[in-house]
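Protein chains: 2
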Amino acid sequence: MHSEHTFKQYDAELEALRGKVLEMGGLVEQQIVQALEALVKLDSNLAKEVMVNDQLVNALEVQIDEGCSQIIARRQPAAGDLRMVMMMVKTITDLERIGDEATKIARTAQKIFDEDRMYKPRFNEIKSMVALVREMLRTALDGFARLDVSKTVEVARQDELVDEHFRSAMRQLITFMLEDPRTISMSLEVLFVAKAIERIGDHAKNIAEYVVYMVKGKDVRHISVQEMERETLEP
Amino acid sequence: MHSEHTFKQYDAELEALRGKVLEMGGLVEQQIVQALEALVKLDSNLAKEVMVNDQLVNALEVQIDEGCSQIIARRQPAAGDLRMVMMMVKTITDLERIGDEATKIARTAQKIFDEDRMYKPRFNEIKSMVALVREMLRTALDGFARLDVSKTVEVARQDELVDEHFRSAMRQLITFMLEDPRTISMSLEVLFVAKAIERIGDHAKNIAEYVVYMVKGKDVRHISVQEMERETLEP
Chain A
1 MHSEHTFKQY DAELEALRGK VLEMGGLVEQ QIVQALEALV KLDSNLAKEV
51 MVNDQLVNAL EVQIDEGCSQ IIARRQPAAG DLRMVMMMVK TITDLERIGD
101 EATKIARTAQ KIFDEDRMYK PRFNEIKSMV ALVREMLRTA LDGFARLDVS
151 KTVEVARQDE LVDEHFRSAM RQLITFMLED PRTISMSLEV LFVAKAIERI
201 GDHAKNIAEY VVYMVKGKDV RHISVQEMER ETLEP
Chain B
1 MHSEHTFKQY DAELEALRGK VLEMGGLVEQ QIVQALEALV KLDSNLAKEV
51 MVNDQLVNAL EVQIDEGCSQ IIARRQPAAG DLRMVMMMVK TITDLERIGD
101 EATKIARTAQ KIFDEDRMYK PRFNEIKSMV ALVREMLRTA LDGFARLDVS
151 KTVEVARQDE LVDEHFRSAM RQLITFMLED PRTISMSLEV LFVAKAIERI
201 GDHAKNIAEY VVYMVKGKDV RHISVQEMER ETLEP
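Line order of the protein sequences matches chains A and B. If you read the first sequence in UniProt numbering, its first letter stands for residue 1, the second for the next number, and so on. If you read the second sequence in UniProt numbering, its first letter stands for residue 1, the second for the next number, and so on.
Source of the hints: derived by calculation from the structure; they are not laboratory data. Note that beta-carbon positions come from the ideal geometry of N, C-alpha and C, so glycine has one too. Hints should not be assumed to be uniformly reliable.
Here are the in silico distance ranges between beta carbons for each label pair [as the list claims (entries may be wrong)]:
| # | chain 1 | residue 1 | chain 2 | residue 2 | range |
| --- | --- | --- | --- | --- | --- |
| 1 | A | His222 | B | Glu135 | 37 to 45 Å |
| 2 | A | Lys111 | B | Glu135 | 26 to 34 Å |
| 3 | B | Glu23 | A | Val52 | 36 to 44 Å |
Below are the DSS-like pairs computed for lysine-lysine, each with C-alpha atoms no more than 27 Å apart in a straight line [to be verified]:
| # | chain 1 | residue 1 | chain 2 | residue 2 |
| --- | --- | --- | --- | --- |
| 4 | A | Lys104 | B | Lys195 |
| 5 | A | Lys104 | B | Lys90 |
| 6 | B | Lys90 | B | Lys195 |
| 7 | A | Lys195 | B | Lys111 |
| 8 | A | Lys104 | A | Lys120 |
| 9 | B | Lys195 | A | Lys127 |
| 10 | B | Lys8 | B | Lys90 |
| 11 | B | Lys41 | B | Lys111 |
| 12 | B | Lys104 | B | Lys20 |
| 13 | B | Lys90 | A | Lys218 |
| 14 | B | Lys195 | A | Lys120 |
| 15 | A | Lys48 | A | Lys127 |
| 16 | B | Lys48 | A | Lys195 |
Okay, chain A solo, but in the shape it has when bound (with noise of 0.2 Å):
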């Protein structure tokens, strides 16, 4: 029999691991704000710290995957509790990779930096779309903590808009390497951090759907818009 004294210890234990998961997240968060803004100033110290926080990520990532593991052998957690540390388990993977997203874009800087700086490319599609992707990781991570799936539809609309942008951006490029072919090589390291912020989007998105799997106990991933609006909205 578990008495209220290991209950209250285990409540402790998966709040702590929920506390690391929201810590892993703001990390992962200011990753891409630094990458965005290594970018923008081409601040190659700024860059190198991207790179050296990815590994504190990376850590963060195998210690909570640890602990999930560790309460799933140690407490039998059941029902809602298993959800959740399922959940965690699925978002770490999820953040880990934004952090990766952002490291690739803060190498980009420092290459740009080292290199090729005959062409300084205009970054406004870029920032908007950062900007996007950073408050679509807000709410994700914001539904998380409190479990809360009000907001997942309008994290999957603007996952759209940031594809929408990217296309955008993609226009841009091609019209700009076709006016100066001297540009193609920088205009290619724009899309692929163009294609980078997308794929944060697409992650912010894959951890506002686990919140839902978590509190309704329905996958909602590989579902349109429209139904998933009506999964989160109904009461």
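Following the hints, complete the assembly by docking chain B onto the known chain A.
Relative to chain A, chain B alone:
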């Protein structure tokens, strides 16, 4: 107390889940092969088949996820068995994303078929890349099936090779675009295909690394190939 009967049933359940993961892996491998064929032959029907089959892959992911949660809740697996279940949960996430990348390639094939057939690109580098990632996936799944980590380092090295191919494809495409800017749009399509294949390689490498965790209880996700060699080749 668990009876022997219960244990046998439990083993059978775990085996059935492992079988489903391998089935999903087989399906995803087929997706990759068909997506390439759709692209090279500009076969619109095959491209559609890949897109339709992606729903099977998605459905399998949801099904296996459910199965994993159920086995944890009902059987409370410990140590090695728990690691096995957790690794299945992670493996299917990567398999599902390989399916997504294959679907993107199929969509590109469809797009080229529909719109822009003026410049038929050569797909030599793409073919080599697909051959490599297909082998990586097979080796990773084979390691999963046999709980064998002896080939993990090989997969990691092949992943580096895929990255080299990607860079070489990119250089080729840049030359191509510089020579004839009218090929820019098409070249970007091919570049994104190359990017999708490079991603597939990353996912295959992830799967191979999960097997090490499962077998050795050691997390090798964020270490160098040299360190991985030490971890997997020592008895």
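Each hint tested on the structure:
1. In this structure the hint that A:His222 and B:Glu135 lie 37 to 45 Å apart at CB is violated, the actual value being about 28 Å.
2. For the pair A:Lys111 and B:Glu135, the beta carbons lie near 30 Å from each other, so the given range of 26 to 34 Å is met.
3. Separated by about 41 Å at the C-beta atoms, B:Glu23 and A:Val52 satisfy the suggested range of 36 to 44 Å.
4. At roughly 13 Å between alpha-carbon atoms, A:Lys104 and B:Lys195 fall within 27 Å of each other, so this suggested pair holds.
5. The straight-line distance between the Cα atoms of A:Lys104 and B:Lys90 is roughly 23 Å, inside the 27 Å bound, and the hint therefore holds.
6. Using a Cα cut-off of 27 Å, the hinted pair B:Lys90 and B:Lys195 holds, with the two alpha carbons roughly 22 Å apart.
7. Among the hinted pairs, A:Lys195 with B:Lys111 is consistent with the structure: their alpha-carbon atoms are about 19 Å apart, no more than 27 Å.
8. Straight-line distance between C-alpha atoms of A:Lys104 and A:Lys120 comes to about 19 Å, which keeps the hinted pair within the 27 Å bound.
9. Using a Cα cut-off of 27 Å, the hinted pair B:Lys195 and A:Lys127 holds, with the two alpha carbons roughly 23 Å apart.
10. Only pairs whose Cα atoms come within 27 Å are accepted, and B:Lys8 paired with B:Lys90 is accepted, the gap being roughly 25 Å.
11. As the CA atoms of B:Lys41 and B:Lys111 are separated by approximately 13 Å, the hinted pair is consistent with the 27 Å bound.
12. Only pairs whose Cα atoms come within 27 Å are accepted, and B:Lys104 paired with B:Lys20 is accepted, the gap being roughly 24 Å.
13. Under the criterion of a C-alpha separation no larger than 27 Å, the hint pairing B:Lys90 with A:Lys218 is consistent with the structure, at around 19 Å.
14. In summary, the hint linking B:Lys195 to A:Lys120 is supported, as the alpha carbons are separated by about 24 Å, within the 27 Å threshold.
15. Taking the CA atoms of A:Lys48 and A:Lys127, the gap is about 20 Å. The hint holds against a cut of 27 Å.
16. Taking the CA atoms of B:Lys48 and A:Lys195, the gap is about 24 Å. The hint holds against a cut of 27 Å.
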